[in-house]
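Asker: What follows is each chain in one-letter form.
Protein chains: 2
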Amino acid sequence: MRRAMTIPASKAPAVSAGARYFSLIADKLGRTEEVFRQALASDVPFIEEAGEYIFSGGGKRMRPALLLLAAQMLERDGDEEVTYAAVIELIHSATLIHDDIIDHATLRRSRPTVNKVWGNSKTVLLGDWLYTTAMNMALSHGNLAVVKRLCEATLRMTEGELLALDRLGAIDLTSDEYFSIIERKTARLFAAAASVPALMAPAHQDAAAALSAYGRALGTCFQLVDDLLDFTARETELGKPVLSDLKEGKLTLPLLLALPRIDDRRRSWIAAVLEDGAFARVGPEQIVEVVEAEGTLDETRELAQSYAEEARKQLASFPPSEARDALEFAPDFVLHRRH
Amino acid sequence: MRRAMTIPASKAPAVSAGARYFSLIADKLGRTEEVFRQALASDVPFIEEAGEYIFSGGGKRMRPALLLLAAQMLERDGDEEVTYAAVIELIHSATLIHDDIIDHATLRRSRPTVNKVWGNSKTVLLGDWLYTTAMNMALSHGNLAVVKRLCEATLRMTEGELLALDRLGAIDLTSDEYFSIIERKTARLFAAAASVPALMAPAHQDAAAALSAYGRALGTCFQLVDDLLDFTARETELGKPVLSDLKEGKLTLPLLLALPRIDDRRRSWIAAVLEDGAFARVGPEQIVEVVEAEGTLDETRELAQSYAEEARKQLASFPPSEARDALEFAPDFVLHRRH
Numbered sequence: 002m003r004r005a006m007t008i009p010a011s012k013a014p015a016v017s018a019g020a021r022y023f024s025l026i027a028d029k030l031g032r033t034e035e036v037f038r039q040a041l042a043s044d045v046p047f048i049e050e051a052g053e054y055i056f057s058g059g060g061k062r063m064r065p066a067l068l069l070l071a072a073q074m075l076e077r078d079g080d081e082e083v084t085y086a087a088v089i090e091l092i093h094s095a096t097l098i099h100d101d102i103i104d105h106a107t108l109r110r111s112r113p114t115v116n117k118v119w120g121n122s123k124t125v126l127l128g129d130w131l132y133t134t135a136m137n138m139a140l141s142h143g144n145l146a147v148v149k150r151l152c153e154a155t156l157r158m159t160e161g162e163l164l165a166l167d168r169l170g171a172i173d174l175t176s177d178e179y180f181s182i183i184e185r186k187t188a189r190l191f192a193a194a195a196s197v198p199a200l201m202a203p204a205h206q207d208a209a210a211a212l213s214a215y216g217r218a219l220g221t222c223f224q225l226v227d228d229l230l231d232f233t234a235r236e237t238e239l240g241k242p243v244l245s246d247l248k249e250g251k252l253t254l255p256l257l258l259a260l261p262r263i264d265d266r267r268r269s270w271i272a273a274v275l276e277d278g279a280f281a282r283v284g285p286e287q288i289v290e291v292v293e294a295e296g297t298l299d300e301t302r303e304l305a306q307s308y309a310e311e312a313r314k315q316l317a318s319f320p321p322s323e324a325r326d327a328l329e330f331a332p333d334f335v336l337h338r339r340h
Numbered sequence: 002m003r004r005a006m007t008i009p010a011s012k013a014p015a016v017s018a019g020a021r022y023f024s025l026i027a028d029k030l031g032r033t034e035e036v037f038r039q040a041l042a043s044d045v046p047f048i049e050e051a052g053e054y055i056f057s058g059g060g061k062r063m064r065p066a067l068l069l070l071a072a073q074m075l076e077r078d079g080d081e082e083v084t085y086a087a088v089i090e091l092i093h094s095a096t097l098i099h100d101d102i103i104d105h106a107t108l109r110r111s112r113p114t115v116n117k118v119w120g121n122s123k124t125v126l127l128g129d130w131l132y133t134t135a136m137n138m139a140l141s142h143g144n145l146a147v148v149k150r151l152c153e154a155t156l157r158m159t160e161g162e163l164l165a166l167d168r169l170g171a172i173d174l175t176s177d178e179y180f181s182i183i184e185r186k187t188a189r190l191f192a193a194a195a196s197v198p199a200l201m202a203p204a205h206q207d208a209a210a211a212l213s214a215y216g217r218a219l220g221t222c223f224q225l226v227d228d229l230l231d232f233t234a235r236e237t238e239l240g241k242p243v244l245s246d247l248k249e250g251k252l253t254l255p256l257l258l259a260l261p262r263i264d265d266r267r268r269s270w271i272a273a274v275l276e277d278g279a280f281a282r283v284g285p286e287q288i289v290e291v292v293e294a295e296g297t298l299d300e301t302r303e304l305a306q307s308y309a310e311e312a313r314k315q316l317a318s319f320p321p322s323e324a325r326d327a328l329e330f331a332p333d334f335v336l337h338r339r340h
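These protein sequences, in sequence, are chains F and D.
Sequential numbering from 2 applies to the first sequence in my numbering.
Sequential numbering from 2 applies to the second sequence in my numbering.
Relax, there's no trap hidden among the hints.
Restraint ranges, calculated between C-beta atoms of paired labels, are given here:
#: 1; chain 1: F; residue 1: Asp44; chain 2: D; residue 2: Ser111; range: 33 to 41 Å
#: 2; chain 1: D; residue 1: Ser111; chain 2: F; residue 2: Gly31; range: 48 to 56 Å
#: 3; chain 1: D; residue 1: Asp177; chain 2: F; residue 2: Pro203; range: 46 to 54 Å
#: 4; chain 1: D; residue 1: Glu50; chain 2: F; residue 2: Ile172; range: 18 to 26 Å
#: 5; chain 1: D; residue 1: Ala146; chain 2: F; residue 2: Ser176; range: 43 to 51 Å
#: 6; chain 1: F; residue 1: Asp44; chain 2: D; residue 2: Glu276; range: 24 to 32 Å
#: 7; chain 1: F; residue 1: Asp44; chain 2: D; residue 2: Arg38; range: 33 to 41 Å
#: 8; chain 1: F; residue 1: Asp44; chain 2: D; residue 2: Pro203; range: 28 to 36 Å
#: 9; chain 1: D; residue 1: Ser141; chain 2: F; residue 2: Ser24; range: 36 to 44 Å
#: 10; chain 1: D; residue 1: Ser141; chain 2: F; residue 2: Asp207; range: 22 to 30 Å
In silico DSBU-like links for lysine-lysine, alpha-carbon gap of 35 Å or less:
#: 11; chain 1: D; residue 1: Lys61; chain 2: D; residue 2: Lys149
#: 12; chain 1: D; residue 1: Lys149; chain 2: F; residue 2: Lys61
#: 13; chain 1: F; residue 1: Lys117; chain 2: D; residue 2: Lys117
#: 14; chain 1: F; residue 1: Lys149; chain 2: F; residue 2: Lys61
#: 15; chain 1: D; residue 1: Lys248; chain 2: D; residue 2: Lys117
#: 16; chain 1: D; residue 1: Lys149; chain 2: D; residue 2: Lys123
#: 17; chain 1: D; residue 1: Lys117; chain 2: F; residue 2: Lys123
#: 18; chain 1: F; residue 1: Lys123; chain 2: D; residue 2: Lys123
#: 19; chain 1: D; residue 1: Lys61; chain 2: F; residue 2: Lys149
Counterexamples of contact, computed for chain D against chain F with all Cβ distances above 12 Å:
#: 20; residue: Thr107
#: 21; residue: Arg110
#: 22; residue: Lys117
#: 23; residue: Val118
#: 24; residue: Met201
#: 25; residue: His205
#: 26; residue: Ala211
#: 27; residue: Asp227
#: 28; residue: Thr233
#: 29; residue: Leu257
#: 30; residue: Trp270
#: 31; residue: Leu275
#: 32; residue: Glu286
#: 33; residue: Leu298
#: 34; residue: Glu323
What the hints contain is simulated information worked out from the structure, not anything from laboratory work.
Backbone N, C-alpha and C fix where the C-beta goes; we use that ideal spot for every residue, glycine too.
Here chain F stands alone, though its shape is the one from the complex (with noise of 0.2 Å):
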């Protein structure tokens, strides 16, 4: 609340903001790549050398820097949550190299996918290694609680993904499923990466609870920023092509918003491109500005900020700190974020 009022909606500020509270957590961020990459060492030699791969295509490592600023808002300070900062990360490189496979994607972080590089059958036993790697080491720590917290998280994850294959393509997604759909997809592993640290010994049940609602508004509010970088980001700043989700098949929230508005000539627009997976029939120009005339991109703008808001009003029971603050900057951040 008292983020949103202070903070200028301008660039600059969220960013050096943001270089400051960064600066919490640098040393245990440098600490958490370190054994992400130690992570991914292997005598068999393609695991080695795709591990490298990954590892230098580096990455927001938005989730990482959420979990090690919940463990310091609760004065956890050792090396358990950098491992679990690890293991997040982990997971949610396992997930986008199994994700890439099934979009059929060439192209993540400016460089060609896994998938791309490796072919399938071996991208598809990497996301299992890592996966698998990934639970290995949260058990390491002996905290069960932490270790179902981060499986029940994945699997959440896996029905998000398959729930979206199931509609992929559909014009009649109702938004009930989208919000259904990206409620696994994203907004559970941010809410385990949240949480986790509360789960550490001594568990705070009720610090859990509220950073696992923070984490998970948080990670709605990310993904509905995603939804409006696909129409609002240039190529060179998001590492893929403008327009990818539509291209796909997905349809996102400023779609969805205006589909039941349009008359048919624009909705047949939307269709082709879903239909056709590519810009055949209908221009990218022409699918934003039926988003730019309805006014979607701001509504959903709008609900990214109120999803912004909730993620806050969860810390208030924390008492202040740096990393409360740089907790409910976080928001901010995501919605200000160019990629």
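Chain F is already provided as a structure; the job is to place chain D on it using the hints.
Answerer: Same frame as chain F, but now just chain D:
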């Protein structure tokens, strides 16, 4: 040792002894089936549907049977070993499902494979879901040593599959590579199945080590028999085409043993099948002729027998019991299986 001398090599006694020993764990195997089936329940329609398909497809349930017999020998009698028996079959199922994608297999247990029915994308996700569900279930009894053993066996299986994939179609595969692959792909899960009951509280480390060695030898024996069956079984018994391994680019031991001894002409037959991925220029009968002429089917069978013997030896330290008798008999059952 005793068994090897008292059980004749003919099939009928093996079957009737098998039935007798099976009755020791029939009740628990039934409960395992129930737990397995319940584990596949989901609010995602595809998971329900595909889960029912997998469940109804059956399987030999070798690994659960092994686990339950080891549990009985160690006088573990509760729900915990039933959970782990279901878990190990879930892991096995996940592996098969992903392997079938990789092998482009269309037939398993005489039915269309999951990837054939639902396509690769959903099958990748279903495998992920099964692996994670297995781990989640394994966690339910709070025994970290067990979950770690299952994780590690799963990692080794995935690595074995990757190593195999790296050398797919290679006529210069070495015996060392071959054994490293089957140790990871097959033997390690058998070892986990046999040793998990010894890790249940109170853990018996010596028993775990002996049972792990037992499972590993039995699993190796099982894989060698698999290699043999690809030559000797009929399609109707095996549920998949005969000599399918070679067609898929996999050199099995009978061929590996024959290769250094045969002339260039016959070597070129094997190379042709590996190259074509089909019996295009060379017939299956020519390949069978090679291994028969070189006697390498017999050599492989002898090697399988020596692994069976090695497995039995590991049971010497356990007090006599019906369950121990059954475990001593298991290698014979494996040696005489026809599919």
